[in-house]
Amino acid sequence: MEFALSEDQRLLADSIKSFLDETVPLDETRKVATENDTAVKQRMTEGLGALGVNQILVPEAHGGLGLAALDAALVHEALGFAAAPISFTGTMMASRAIAEAGTEDQKADWFGKLVNGEVRFGIAMTERVNVREGAGLSEEDGKLSGKALFAFDCDDATHIITADQSGALYIVAADAAGLTRNDMPNIDRTRMMSELLLDGVDAVRLDGENEPGNAAARVIELGRVLLAADTLGAMQNMLDQAVEYAGGREQFGRVIGSFQAVKHMCAEMVAEVEPLRALVWHAAHAIDTDPDEGPVLACLAKALAADSGQFVARTSTEVHGGMGFTDLVGLHYWFKRIGLNRQLLGGPERVREDAAKLQGWAA
Amino acid sequence: MDLQFSAEYETFREEVRSFIEANRDKAPTYADKGMKNPKRLAWQKLLIENGYAARTIPADYGGYGAEPDILKSRIIAEEFARSGVPGGLAGQGISMFVPTLLELGTEEQKKEFIGPTLRGEIIWCQGYSEPGSGSDLASLKTAAVIDGDDYVINGQKIWTSTAKYADMMFCLVRTEADAPKHQGISYLTFSMETPGIEVRPLVDMTEAAGFNEVFFTDVRVPRNQIVGKPGEGWFVANATLTHERGMLGNPNAAVERLFAIADIMHKETLNGERLIDNPVFRDRLVKLQSKVYAMRANGLRITTAATKGESAGLAGLIVKLQGCELNHQLAALAIDAMGELGALYGQSDYLRDDGTWQAKYMFDLGLIIGGGTAQIQKNIISERGLKMPREPKVQKQAAKA
Ligand SMILES: Cc1cc2nc3c(=O)[nH]c(=O)nc-3n(C[C@H](O)[C@H](O)[C@H](O)COP(=O)(O)OP(=O)(O)OC[C@H]3O[C@@H](n4cnc5c(N)ncnc54)[C@H](O)[C@@H]3O)c2cc1C
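These protein sequences, in sequence, are chains A and B. Quick note: the first sequence, position 275, residue 275 per our numbering, numbers continuous. Quick note: the second sequence, position 398, residue 398 per our numbering, numbers continuous.
Looking at chain A on its own, in the form it has when it is part of the complex:
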């Protein structure tokens, strides 16, 4: 038994982290959030692309790195830590979709394009989890119609992976005729969500799966783990910032970190962060290796990240006093990142219901 990252995994995490440390200081995140500076965004996306982030989940046989969900999760942890105003969740979920549901020809074709950097994927699968406002897509003669809400990474994607009501997966071109994309601005100004309206849009069905819905479930399971990892990274940063601030700020002639009330807030945050880190790693490992426990662990990790994340987000803000509430220290970028992740691919109540169902505890 060895519950630990491998040497390679540590190196991967470190290289992503140091790239982000250099490339994504808070000022750059601000530029994207407040001025929608696409040049900054592109530079970050390309830099991480050069480190191979797009290819992490692409099998070696198709020219990718052939790494595991745990590696993808480590990348997300680093992205969350940096509050990076870019996202690879779509591309990673797409890799999973193609691997699970693509035919051999489709794999060769799309993985090839992904490795070449020709394509960048968004994901429109919210309706596999939560249907609101009559959303959902249906297919007729190879064309998709309907609407998808809260699609992510679609604002700068070339292609979008989506599912119809049966759960079958499709790829559509982001500029296809009949497809309209509308912004859904949300609290996290670093990640734009989208409404997609489809009216007879040409779609490539991923034809390699026998039972529609299985691959979609695997894609969502991965997405949930990645979002949990992203929240974990954001929590770690908020905790670090709180500890640092508490060590410097003085009131009543003492550093506030010497007040037990403040120390306890920090200790309680650690007590949320550490178990979550272990659960996220376990879940990420298990969704590749343990078909029984993996799906359940993915739900549990997503739900715990939502709740622990919420606690750390507000507690770190409290440690910063009035400063935490302003834009000055920018703490709110992490706060809002955690807030958005909480709602994506199912809030905690919704995800726990899936966990109960998977274990036969609910109908």
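Quick caveat, the hints were computed from the structure, so don't treat them as lab data. Incorrect hints may have been included.
Stated by the list, open to error - DEER-style ranges, computed between Cβ atoms: (1) B:T304 to A:D240: 42 to 52 Å; (2) B:R296 to A:E140: 53 to 63 Å; (3) A:D307 to B:K141: 52 to 62 Å; (4) A:D292 to B:S95: 42 to 52 Å; (5) A:D199 to B:G272: 15 to 25 Å.
All of these numbers come straight from a predicted model, not from anything done at the bench. Every residue gets a Cβ at the ideal spot worked out from N, C-alpha and C, and that includes glycine.
Please build the complex by placing chain B with the ligand on the supplied structure of chain A, with the hints as guidance.
Just chain B with the ligand now, kept in the frame of chain A:
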């Protein structure tokens, strides 16, 4: 225990109700923006004339001049909340400065400021916190030095809500540099247009620029613009802080909010099911209802104590802590109930209630911090309420080590 109001009060309630129904169309709405919007000021005037705002403030000072009657004030608050029609203006001038002047101001100050403040013609901001002095407010450094008939102020305030729009500031300054920290503070008032004042807006996490940094460079304020005596500012300020904490965590607002959320849960559906039919979300709602009703009943207890001139004790001390937390949790439920759509913030066809629930969720966290943080509230509850020993004072060097 008797929860019935006597006939006199029931009659009064009827009067309030018929006033509201008869005048509803004159009330300003969300769309009537701006603190000095004519519709808002006209509404305030009408409310004062009828005794539904500034009720117990003497007519000489521009109030309605009724005998204090806590139950009647409560009935007014309840009926306005129930009807969804805005009550009298609030804000730091009316809720904090006016009560302070009534208690500690000179006759001249009362005559000059209370009337226009009540009518909404003078907007006030509270200049207390400084970059180095938040929880430890008494350590404030902004200095006011006597020069002839004036104080000359130099220094900086921060987190000053509404300073950008305010006409006047009530401000704490250090006048006696050598006195022990609580005894060297004075309470001054001055126009925000006094030369030497610079206001820089601060953006907060809701993206609004609700508060500000205020810089003072050789700002001259006549010596008679002090409230209380020189060196007594801490005492004067504590009179207002008590009023502020009474204002934060108001249970009537939580009751309103709870029903607004119940309403959302009847309207919103998730996977074809109304949220109110989802046992998990419904349980969260009802769980919060217990807390909201507990705080409402706690409020009745406080009201009763006040009518008898007694202190509400612990029941009063916990209001800010619990009330602000509860409001934050209510907003969290509204967001979760709307799920993905609850995360929206900014123009979208799917945005609910103008994004107000996210704004509330963040702003209420601000209120958990502002006006005395939750941790400071807990210190006050344990030390003053439970008479537990104070934390020993630690030498500065030791604390740093
Ligand atoms: C929304 C909002 C509106 C505001 N409006 C105004 C206004 O109009 N005018 C004005 O003057 N000010 C205003 N403030 C400022 C507010 O009063 C201060 O932010 C607050 O008192 C806390 O001070 P601080 O921000 O300096 O935090 P700090 O005092 O630095 O506190 C940082 C952390 O240390 C903890 N801490 C400090 N001392 C102790 C202790 N003894 N024991 C245990 N823990 C401790 C705190 O609880 C907090 O977690 C506002 C603040 C907010 C958030």
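Query - C-beta pair A:D292, B:S95: status relative to the range 42 to 52 Å that was hinted - result: 60 Å, violated
Query raised in the report: Between B:R296 and A:E140, does the C-beta distance stay in 53 to 63 Å?
Result: Holds, at about 55 Å.
Report task. State, for the Cβ atoms of A:D199 and B:G272, whether the hinted interval 15 to 25 Å holds or is violated. Result -> Distance hint for A:D199, B:G272 holds at roughly 24 Å.
Query raised in the report: Does the Cβ pair A:D307, B:K141 satisfy 52 to 62 Å?
Result: With a Cβ separation near 41 Å, A:D307 and B:K141 fall outside 52 to 62 Å, so the hint is violated.
Query raised in the report: B:T304 and A:D240, beta-carbon distance inside 42 to 52 Å?
Result: 48 Å, holds
In summary, the structure is inconsistent with hints 3, 4 from the numbered list given earlier, while agreeing with the others.
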